[in-house]
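> Sequence:
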Amino acid sequence: MSEFPGWHGTTIIGVRKGGKVVVAGDGQVSVGQTVMKGTARKVRRLNPGGHEVVCGFAGSTADAFTLLERLETKLEAAPGQLQRACVELAKDWRTDKYLQKLEAMLIVTDGKDLLVVTGAGDVLEPEHDVTAIGSGGNYALAAGRALMDGALSAEEVARRAMAIAADICVYTNGNITVETIG
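Per the working numbering, the sequence shown starts with residue 1200, numbered consecutively.
Hint data in this document are derived by calculation from the structure and do not stem from the laboratory. Quantities reported herein were computed from a predicted structural model and do not represent experimental measurements. Quick reminder that beta carbons are idealized off the backbone N, C-alpha and C, glycines included. Among the clues, some could well be false.
Said to hold, decoys possible - Computed list of lysine-lysine pairs in DSBU-like fashion (alpha-carbon distance at most 30 Å, straight line): (1) LYS1290 - LYS1300; (2) LYS1300 - LYS1216; (3) LYS1236 - LYS1300; (4) LYS1290 - LYS1219; (5) LYS1311 - LYS1219; (6) LYS1311 - LYS1290.
Said to hold, decoys possible - Just the calculated beta-carbon pair ranges, DEER-fashion: (7) SER1259 - ILE1367: 18 to 28 Å; (8) GLU1326 - VAL1230: 32 to 42 Å; (9) ALA1261 - GLY1349: 34 to 44 Å; (10) ALA1362 - GLY1217: 12 to 22 Å; (11) LYS1290 - ARG1244: 21 to 31 Å; (12) ASP1348 - THR1272: 38 to 48 Å; (13) ASP1366 - ALA1276: 38 to 48 Å; (14) THR1233 - GLY1279: 40 to 50 Å; (15) ARG1283 - THR1260: 22 to 32 Å; (16) GLU1302 - ALA1362: 19 to 29 Å; (17) THR1265 - LYS1236: 11 to 21 Å.
Could you build the full structure based on these sequences and the hints that come with them?
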């Protein structure tokens, strides 16, 4: 019996610099060794309760959308309190049997906080104002941190780091979506 090949892919980076926060992601969706789509949009704006939030997701698309919907609900219950909403989402994700099966990670920002939310119940804030997730996340993170010392803007750091990740990771392409907040 042949097993369905795993869904691979994506690279999402979050960069905070110069009063701006940028979340950027590539557009590639791969199944096994096949690129199924090169123009997926994995970075989205949410506006629950009039408070703008930008999210990027890596992992299963359906799982990520489930988490984004749950995050919107948490944000509506705690308007303007991104960290609190993310902690509540992580608690649910960790304890709810249905949510535990979801395979995705999120980078979330409201322009002030920059957070990574994981299915292990973690809500992490990056130490160096750069964070990245997904198959090419470590490449983008290393490149982003190296580029932070220069005169580049947050968007330029994110775009260059994503280009480097796309050159290295076969599950990441150069079709970049960028959202800025702050």
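> Tell me, in ascending order, the numbers of any earlier hints that this structure violates.
2
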